[in-house]
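Engineer: Based on the sequences and whatever the hints tell you, model everything.
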Amino acid sequence: MSRILGATSLAGGVHRRVDVAIVGSGAGGATLAARLASQGLEVALLEAGGAHTSADWGASDERVSYPMLYQDRGSRTTDDAAITVLQGRSLGGGTTVNWTTCFRTPDRVLARWAERHGATSWTSEALRPHFEAVEARLNITPWEEGLANPNNASLRDGARRLGIEATGLRRNVKGCRNSGSCGLGCPHDAKMAMHLTMIPDAVTSGATVYTDVAVDRVVMEGRRATGIRGRVLHRGSERTTGAEVAIDADVVAVCGGAINSPALLLRSGLGADLPEIGRRTFLHPVVAVTAEFEAPVHAWYGAPQSIASHASIDRGPNRVGYFLEAAPLHPMLAAIALGMGGPEQAAAMSRLRHTTTTIGLSMDGWVEGDEGGTVTVDGAGRARLAYPVGPLLAEAMHAAMRDLVSIQLAAGALRVGTLHVDPVVVTDVQGLGALDAAAYGAHEHGIFSAHQMGGCRIGTGPGDGVVDDSLRVFGVENLFVVDGSVFPTSLGVNPSETIYAMAHRAAAGIAAEAG
Amino acid sequence: MNRRTLLLSALAGPVACSATFPDAPRRLTTAQVATLAALAEVATGGPGLPTASDLAVAGRIDDLMANCDPALVADVGLALDLLASPWVGLVVTGRPGAFVDLARDARMEVVGHWRRHRVGRVRGAMQALLGLCLATYWGDRRTFAYVGYPGPMGAPA
Chain A
0 MSRILGATSL
10 AGGVHRRVDV
20 AIVGSGAGGA
30 TLAARLASQG
40 LEVALLEAGG
50 AHTSADWGAS
60 DERVSYPMLY
70 QDRGSRTTDD
80 AAITVLQGRS
90 LGGGTTVNWT
100 TCFRTPDRVL
110 ARWAERHGAT
120 SWTSEALRPH
130 FEAVEARLNI
140 TPWEEGLANP
150 NNASLRDGAR
160 RLGIEATGLR
170 RNVKGCRNSG
180 SCGLGCPHDA
190 KMAMHLTMIP
200 DAVTSGATVY
210 TDVAVDRVVM
220 EGRRATGIRG
230 RVLHRGSERT
240 TGAEVAIDAD
250 VVAVCGGAIN
260 SPALLLRSGL
270 GADLPEIGRR
280 TFLHPVVAVT
290 AEFEAPVHAW
300 YGAPQSIASH
310 ASIDRGPNRV
320 GYFLEAAPLH
330 PMLAAIALGM
340 GGPEQAAAMS
350 RLRHTTTTIG
360 LSMDGWVEGD
370 EGGTVTVDGA
380 GRARLAYPVG
390 PLLAEAMHAA
400 MRDLVSIQLA
410 AGALRVGTLH
420 VDPVVVTDVQ
430 GLGALDAAAY
440 GAHEHGIFSA
450 HQMGGCRIGT
460 GPGDGVVDDS
470 LRVFGVENLF
480 VVDGSVFPTS
490 LGVNPSETIY
500 AMAHRAAAGI
510 AAEAG
Chain B
0 MNRRTLLLSA
10 LAGPVACSAT
20 FPDAPRRLTT
30 AQVATLAALA
40 EVATGGPGLP
50 TASDLAVAGR
60 IDDLMANCDP
70 ALVADVGLAL
80 DLLASPWVGL
90 VVTGRPGAFV
100 DLARDARMEV
110 VGHWRRHRVG
120 RVRGAMQALL
130 GLCLATYWGD
140 RRTFAYVGYP
150 GPMGAPA
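Protein sequences appear in the order of chains A and B. Last residue of the first sequence: number 514 in numbering that gives the first Met the number 0, and the count goes up by one each step with no gaps. Last residue of the second sequence: number 156 in numbering that gives the first Met the number 0, and the count goes up by one each step with no gaps.
One or more hints might be untrue.
[What the hints assert, rightly or not] A few chain A residues facing chain B, derived, Cβ under 10 Å:
(1) GLY57
(2) TYR65
(3) THR76
(4) ALA80
(5) SER178
(6) HIS187
(7) GLY270
(8) PRO274
(9) LEU332
(10) THR459
Derived by calculation from the structure, the hints in this document are not laboratory data. By construction, the Cβ of each residue, glycine as well, lies at the ideal position given by its N, Cα and C atoms.
Structural biologist: Structure representation (structure tokens):
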């Protein structure tokens, strides 16, 4: 029987055997499940979050969506609390809440992976049919520049006035109504997220989906994985119902995303033989500026992202590159990001409808000396992430903020402010020097992450990676990792399409192992 | 002080508030709730806005605590106890007194001192407490008119 089963259906726990157990229902796990199930394999797809749909989040109220659809109920941060980590957790994983921006993997990234990290088969040519397949299924198509909301238009217009490249981008939507609610769950089911595409495909082909199931460990016997063990959770919580999950499988695929996938491998006792688990975890650390315009902006409506600039993605061998995009600005998240309190906060909130937010995302893990963060597990098995913001990243954050401020001024902003504890406010280009006097880095200003990568990276062996070129865990014949955690570096573009395509391609090898 | 758990409460708060259990034990102490209310009062509100007490910010956060991991309650309580300490007020303002007893300006001074503290994690702790109050307050629909936010563009009928 093909079903999607949640906590209320799993009172007696789960005890069964399948061909492939897939842990995580996001971009990697759902795509893999659809491919494997279509080949006749018996697939169990497990998700710690709930099987939420637009019927649950309704009109996408921030107060409902963040606790329902994000890891740690929207509260995930690095250990020192310097970086707020937004990461999806529900059926469909991050695809339920991402902002729909899609890029193919840049050629130079694939070339670097092949040259330095042993990912020799991941060429753009090899990936092409897989990109084409997922683009067709998910309706990944260019978003008309003319549809850019004023928030994105400020990035486009300001950049172009300064001679900085800024282009439209592609989105995985069908029938988008520009509600601006992508990050809160699409109220119109216009986003081609996994819970509306690949997961129904998998179920139609016979897969069983278990939601509200926290997987504690992969069961190992010698050099083989024999299945997974976990617990049923009360829907939308971390509290266990007491019901146990035991699924034996010929193949196990770990697809929990960066942070969760390395944590699962560590809980499964693989850290001793694979010391690189958790290392080189990347976040595309985000800094932001807010800019006030005379005319209303209403940055809470419209496609959250429709313009991007990669003009500064390659800044040479010793400087971290960055790219620029826009971000939606709903009141609750804006209030936390501004974080001032008092009359200044009230004044800023009163101008929110006239305010744009643009962001700079650093391409971490690319230049020598910038190694990203490290995932570990605490005594209770919970994932922890240490992420130092070193001088290379701090310099990139400074440069990105300077670019963003310049662009917003060129777009006609009355004033532009940073998210420092004491915001640097610039009203004209003569004031840009004030940015150079400010401090940059952890606890100096707001830092966020919406793209988590690495931690189970592809390598040439256990000394420099966790999985091989086929995404098989080193030393374990039938255990694979299929998500963004296998990236040897960050991408410098939004990562979802790379994960879709990687999973689509990896399925053949995994099916062969299961067969 | 663990900002992670504080942010959890900040974001989970409104949901918990929508399913409040009035008979559940309050796990913040009365003194801690009073300190939270005093912080919320200076962190939010303004001309044309409801006050934090109008929106029962501290009470709603306290309601949330009753449904949260005890470790979270301990973290929040620790931060609030520290903030409430008369010694903090003495060091920062030169006047002894618990946070709740300080005048509004003096309370603002304490908040500013924490936000600019030389130790990053202290800054983080205050940002977390502020985040708790700000998310609860500005996530309330009764502030949307002030912001000019019409609310989410609705789901299909």
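Engineer: Using Cβ atoms only, decide whether A/SER178 comes closer than 10 Å to chain B, and label the hint accordingly.
Structural biologist: Status holds, d = 4 Å.
Engineer: Would the hint on A/HIS187 be counted as holding, given a Cβ-Cβ threshold of 10 Å to chain B?
Structural biologist: 6 Å, holds
Engineer: Regarding the hint that A/THR76 lies at the interface with chain B, is the smallest CB-CB distance below 10 Å?
Structural biologist: 5 Å, holds
Engineer: A/GLY270 was flagged as interface toward chain B. Is the shortest Cβ-Cβ separation under 10 Å?
Structural biologist: 23 Å, violated
Engineer: Hint check: is the beta carbon of A/LEU332 less than 10 Å from a beta carbon of chain B?
Structural biologist: Where the cut-off is 10 Å and the nearest Cβ of chain B is about 8 Å from A/LEU332, the hint holds.
Engineer: Have a go at the A/GLY57 hint: is there a Cβ in chain B nearer than 10 Å to its own Cβ?
Structural biologist: Result: holds, 5 Å to nearest chain B Cβ.
Engineer: Report holds or violated for the interface hint on A/ALA80, using the least CB-CB distance to chain B and a cut-off of 10 Å.
Structural biologist: 3 Å, holds
Engineer: Does the CB of A/THR459 sit less than 10 Å away from some CB of chain B?
Structural biologist: Constraint on A/THR459 not satisfied, violated at 35 Å.
Engineer: With chain B as the partner, please determine if A/PRO274 meets the hint condition of a C-beta pair closer than 10 Å.
Structural biologist: Hint violated; A/PRO274 Cβ to chain B Cβ min 26 Å, cut 10 Å.
Engineer: Can we keep the A/TYR65 interface hint, with Cβ of chain B closer than 10 Å?
Structural biologist: Check passed: Cβ of A/TYR65 comes within 5 Å of chain B, closer than 10 Å.
Hint compliance for this structure: hints 7, 8, 10 are broken, all remaining hints hold.
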